[in-house]
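Chemist: Sequence:
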Amino acid sequence: MKWMAAFATSVLTSLSGVAISAPDDSEGACSIEAVSIEGQADMAYYPFANRDEIGQLRLVVAARGLCRFGFALLPTSDALLMGPGKPLAFSFRNRGDQVIPLNGNEQRGVLFEDGARGREASLIIELPRGQARRAGDYRNNFVARIFSNGRPLQDIDFQVSVHVAAQADIHVAGNGEGQLGRSTVMNFGRLETGETLSSLLAVRTNSAYNLVVSSENHSQMRHVSLEGENTAVPYTASLDGQPLSLQNGVDTRDFSTPGDGNQIRNLSVQIGDTRGKMAGQYRDTLRVTVTLLE
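Take any residue in the sequence shown, count from 1 to its spot, add 4: that is its number in this note's numbering.
Careful, some of the hints might be misleading.
What the hints assert, rightly or not - Across the chosen pairs, the derived CB separations fall in these ranges:
| id | residue 1 | residue 2 | range |
| --- | --- | --- | --- |
| 1 | N252 | K281 | 20 to 30 Å |
| 2 | E231 | G263 | 47 to 57 Å |
| 3 | Q102 | R186 | 31 to 41 Å |
| 4 | V228 | A93 | 47 to 57 Å |
Hints were generated in silico from the structure; no laboratory data involved. Remember, it's a predicted structure, so these values are computed and weren't measured experimentally. Even for Gly, the Cβ is constructed at its ideal location relative to N, Cα and C.
Model the full assembly from the supplied sequences, consistent with the hints where possible.
Modeler: Now the structure itself:
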């Protein structure tokens, strides 16, 4: 039997910053004329992708005088991105892949380089893989604190906003090998009335979803080489113990969003009456498709 899965995703991430200025009248001292935080507006987060998601911000400081810049970050609330589901974990990192603590203390690991508009520093935003969060917008506000020669000169507020994509995926465990894959075979061997086999479906989704189960032969196993009388063996199928109606070829079931992004569903097949059937090999193909409802 073959199993198939369909899924769709869409994402959007935005970052915003504001420019500020802080005059300093001390002769020869460092004074900031303008600060801005800029970042890519199309960062994506796919909760079931096998990779971390990475974005980048650039801190641009225009200044006068003798400036030896330092940098610090602190959140206005918890160091997480808040949204419609569990908070989304992330980290700020420097170009050396070192985590920048959100404690407001000066960090020398953030390097400022000369640029066309002033001194520039890169900040990496890392979203670890495997966070099965509900689809939607997640955000939090942060403060970037600029230091010069060991003393804080200016704070700038900015927001990190991430749109988590709606995503779904499905795998099946074979009754023989027990390994997750896209397809498996229920091998009954010698068909006997009442014999039952099951396979587990691992559904990963961060949104409410629909499962469509279809039968190529409308809930019958057909002889692979013969047609006519006594060449079809009926069977019944069930999902999580609930009978499926496959006589018309298709049955659909709706499910709510799983709390942790993962659900295991049990699909079982029970052989019907085999008396008087022609000898030979019988087969049917079931297809399972998952689609998002939100």
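Chemist: Next, verify each hint and record whether it holds.
Modeler: Against the structure, the hints:
About 23 Å separates the C-beta atoms of N252 and K281, a value consistent with the hinted range of 20 to 30 Å. Checked against the hint of 47 to 57 Å, the C-beta distance between E231 and G263 comes to roughly 48 Å, which is consistent with it. One distance hint, 31 to 41 Å for the beta-carbon pair Q102 and R186, holds here, with the actual separation near 39 Å. Distance hint check for V228 and A93: the Cβ-Cβ separation is about 52 Å, which falls inside the suggested range of 47 to 57 Å.
Violated hints are absent here; each numbered hint is respected by the structure.
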